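Undergrad: Chains B, C and D: place on chain A using the hints.
Chains as they are written, first to last, in the numbering used here: chain A, 5 to 356; chain B, 5 to 356; chain C, 5 to 356; chain D, 5 to 356.
It should be emphasised that the hints constitute simulated quantities derived from the structure, not laboratory data.
As the structure is a computational prediction, the values presented were derived from the model and not from experiment.
Virtual Cβ for every residue (Gly too), placed ideally from N, Cα, C.
If the Cβ cut is set under 8 Å, some of the chain C residues that face chain B in the computed set are:
{"#": "1", "residue": "V184"}
{"#": "2", "residue": "K188"}
{"#": "3", "residue": "T242"}
{"#": "4", "residue": "T249"}
{"#": "5", "residue": "G251"}
{"#": "6", "residue": "Y257"}
{"#": "7", "residue": "A308"}
Protein chains: 4
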Amino acid sequence: MVKVKLVGATGYGGLGFVETALRHPEIELACLVAVEGAGKTLPQVWPYMQGFCDMPIYAPDSDEALGADADVVVFSTPDGVGQAGAPREVAAGRRVLDYSGDYRFNTTDLYHEYATRIGKDPVHKAPELLTESVYGLTELHRAEIAKATVVGNPGCFAMSCTVGLAPAFKMGLVEPVGVVCDCKTGISGAGKKPSAGFHYPERYDDANAYRLTGHQHVMEIERELSALSGSDVRVTFTPQVVPMTRGIMSCLYGRLPAGMTQTKVLAGYREFYKGEPFILVKDFKEAASTGMVRGSNRAMLTIACDERTGTFRVISHIDNLVKGQAGSAIQNVNVMFGLPETMGLDQPGAHP
Amino acid sequence: MVKVKLVGATGYGGLGFVETALRHPEIELACLVAVEGAGKTLPQVWPYMQGFCDMPIYAPDSDEALGADADVVVFSTPDGVGQAGAPREVAAGRRVLDYSGDYRFNTTDLYHEYATRIGKDPVHKAPELLTESVYGLTELHRAEIAKATVVGNPGCFAMSCTVGLAPAFKMGLVEPVGVVCDCKTGISGAGKKPSAGFHYPERYDDANAYRLTGHQHVMEIERELSALSGSDVRVTFTPQVVPMTRGIMSCLYGRLPAGMTQTKVLAGYREFYKGEPFILVKDFKEAASTGMVRGSNRAMLTIACDERTGTFRVISHIDNLVKGQAGSAIQNVNVMFGLPETMGLDQPGAHP
Amino acid sequence: MVKVKLVGATGYGGLGFVETALRHPEIELACLVAVEGAGKTLPQVWPYMQGFCDMPIYAPDSDEALGADADVVVFSTPDGVGQAGAPREVAAGRRVLDYSGDYRFNTTDLYHEYATRIGKDPVHKAPELLTESVYGLTELHRAEIAKATVVGNPGCFAMSCTVGLAPAFKMGLVEPVGVVCDCKTGISGAGKKPSAGFHYPERYDDANAYRLTGHQHVMEIERELSALSGSDVRVTFTPQVVPMTRGIMSCLYGRLPAGMTQTKVLAGYREFYKGEPFILVKDFKEAASTGMVRGSNRAMLTIACDERTGTFRVISHIDNLVKGQAGSAIQNVNVMFGLPETMGLDQPGAHP
Amino acid sequence: MVKVKLVGATGYGGLGFVETALRHPEIELACLVAVEGAGKTLPQVWPYMQGFCDMPIYAPDSDEALGADADVVVFSTPDGVGQAGAPREVAAGRRVLDYSGDYRFNTTDLYHEYATRIGKDPVHKAPELLTESVYGLTELHRAEIAKATVVGNPGCFAMSCTVGLAPAFKMGLVEPVGVVCDCKTGISGAGKKPSAGFHYPERYDDANAYRLTGHQHVMEIERELSALSGSDVRVTFTPQVVPMTRGIMSCLYGRLPAGMTQTKVLAGYREFYKGEPFILVKDFKEAASTGMVRGSNRAMLTIACDERTGTFRVISHIDNLVKGQAGSAIQNVNVMFGLPETMGLDQPGAHP
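Next comes chain A alone, as it looks inside the complex (with noise of 0.2 Å):
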């Protein structure tokens, strides 16, 4: 048994992983750690959890939660709060994966770039943690992530976009330059915290985009693409809001190489993605939608070329809270600690 301590139980992504850990049956749930909810049980702040997972919640700074017996800790908490913390747990014995931007930089300098991007400190406050840290992309990077004390779990766009793009990038599929990122998200993407723009009556019937100056997700995408590509690669991104809770959509544009054709396109990702358990590569008249994939760890790819205007194309479909989030996160645990990959992962969502 794995056993878990998990930070930041009580948001929608510490639900997700407690959702998956009770049907999965080599984690053991350890430890449930909130500031939110500290000292009540699990069912007191969400009560469909009464029955399924009754443990108490504890201050990340209690006794229970720095002595808890566990082999792997999972931050599901805002920037800087696992960054702040893993230290003492690696010193403990224990492997760390945060769902956080913390972990997903390798290097001081390209952490201080996207915190100063999203406003926080541009110092990391574990440098040495950092540097070899693994970013959590299981499908990129199985083998890091196998011996890998640090994981940063990738962001949920992010993960839409690079599994997407990857192929394309490593293969050259499309044209390195002038990629478009068109994201739609569903709200819960949003996390639990009650705002005035997913209040219901201001949402229910609107569309949005937002932050269109920049997201910090882009960097994640272009380190990821440059890599895969061996060029510097720039992207544009759009995240736009939409009224559905789960799902992301992710249209993904570019220009294809000169004899670049739909059916190379799709074969080269057929081949990309030959044998993974958590990628459908689907030609355009196949159907496809969020829908096909909520509740499960899938990333649902549309290769849909328009070879009439020389357009590569790619449509993205996750559960932005499962292949998004926590679903990605179990994967990586899996992965880990050697378990295999679709372990508590091997079942589809409710529908409808």
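TA: The following block gives chains B, C and D in isolation, referenced to the frame of chain A:
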């Protein structure tokens, strides 16, 4: 392993059964049968099932369907189908569970009245099976279900109301006359077939009551409550549709008998449902909602009598597709085959 | 032209008044007042208003607000605001219409009980205005409203229930004891302020009842029905929230008096509301829904008594923001100033 | 008064026209015509219209429809209907405005290509009317519309994209090659007819792209942009459906020409649309959403070029049923008959 032949596999009720069966350690889907989709695989009809359940769908009269190696046949089909098909299945040594009204009444007289009300042929096609069939409300008929050859699964509205009123009628906590069931359902209760009233633009911000002259579900409720109270019970039933996909919230009203109090009613419900794994009884000060049982096989009952006006009031919350349909079916299969009653049903739904 | 000073212009109730005023040929918005948004223009708070209503928003105690050239002041504000502000307005020669509970009760005793129930100071700040104020349910108090200095606009739930029950209590179509109001509201009824329960992901597929111990609206209903019937009426009230933005559907139940029939109740309602421009009385065989009154100032009443069980049943549908709030306010302003009652309210909403 | 005969009065496009006409001081609905609902009144099909528009619906070939006293016939009908009907109307002295693709192309060659693409008979039934018809994008063809006998109203997607790209192509603010239109629509764009994909439970939390091989609307866009730029423009078009009822949000991408900046593009758009009553041009720092134009005839354009990547980006927001359909039709009727262009269109929608 209990081998299940599932008829009507491509409707919402069928999908719900498949989803649960996939995580049930002792249920094996032996054969999927449906009219719609016959000749295809399940993912060809419902792509989200790809890789999770890739089974073929057979036509009802195909050799594969007729010769399936199954212990039990689950009819997730409209009225009339299970009725006609059950005798053949029973003759072949299979037990039967039917989702429709075909086996919810165990006398030809009651069936005659029911069928007349819904505009069907009032002569039951398998009267000998009908008379020995058992009403599948597990909490009320557990022992008979365990031995039953044919089980008639309750309707979703009836489940919601009967579970919510059974203690009151059995224990005299409500006057048996003048009870009102005010029931709000999500739209999935109407099944997958598109219709004008459930077209997204017509339904997204709209609520209405329907079939105010009588709804077939009232007969089940009245039959059960009459049996529990020993009197001839009649209830007023108001089915309503609200713009959500899953969930039934039924507000159940009546008159408090002289001397009856909220405290006594609450104590009665707790006593009646003591030890029941799927029934949660709550005081009105505790939070409750359909969302809290979404995806689970639970009924959440809020006891909220109004002593100021002498009004008995209980609010019953279920997921119409789980406790109201497929979950209840799995629960009954567990009981029929001597499995732990919560097997496959021990997980919460996904939130949000 | 009737010149209106609108206090609380940036809430949903204020916006609804502005929207209707913009198409009303005899209402002129003289001054917009609000705490939130003071110092900005209306479109700076609500961009959809740009070019339609670009007026500045003044703080309540600003010179512009205090010195506004207005015939009537509409307080679209929380409890307590209109109470404190009305005397000053009346002294300045302006009439007052208030959306809150401040002027719904015309005795200090009743107000004391109401304020206690909602946890406010039970001593009214303007008792002399209170005692001469008129309850703004136009269909019941038209003549008094025409002459009133201060009108207290009904609450949305109370409007729905009182309009739906008034004929029955006045004409003896229902037993006056044991009446139940089962009321489902859309979320806009809670206003624009974000909260955990109305955060989109928490609300999109969820229904619940709330405040089961008592809701302030019941007092209005009971006071009106008592006056109509000449007895001391008490009703049971169950407020519920369903995932829609606009609309209230109230199912109103009681016992039919001996000899009372659906036909007689229907005839009574048609008689009672004969000539009323905003009340539609329908037989249960006719379609009705909240969507059918969405955006209009109508109440649609479905008469659906259940003679089989002796149950009186009327279903009342309104748009909580129109007939339940701003539309009703406009209707009252029309009456107060001798304008045609339907002026500005003669258009349907937009479908879908 | 402009007398309008409205064909297809019972669809969403027809209802939108009726709703606006009801508040338009110079439009009179002379005759409602439809296949579905013929012989009934409008409220018998759409009860919310009761008392607002109680007109009868006539069959297309009825004497009442053929002999209607009308100045203009609005065909809110599928492809093929207006084409066949227009000659007769024109012969009777009526002008024609058609919502479908029948009169969006003014050469038989273009029509041939369009009709082939949508699987219709490529031979136009009224080529002489076709060649003199005018494309009804008012902002681009105002003068011709004023004199036109037959106007072809733009498709909703095409409206959104063409309005959003016209200044760029006219003024050289974007490279004319490689433009991408990433378009998200609400579901009302598909009309009132129920279908599996728009059944509420299938759609409530789902987003997808469709018709990725080509969508009829691209031809309109390319024709207009080619005319504006003087080159042969081809765009990539990705239609998507998201779970809302009203609204189109189109993200329009291209390459910035050398030296082009966000500031220059913004200035260009403001210049191009100076004085246009229905076009709002916004900098990316200003809030914008489909909700902000819901119910109004506006297009809200957010200029958000990404200089870092050299990417031109404009986001166009409209209400697909207003500026994308009935509102645009009213605007054109105003122009055709010399009325003020904003008449009947001078009000915001209802919020929320």
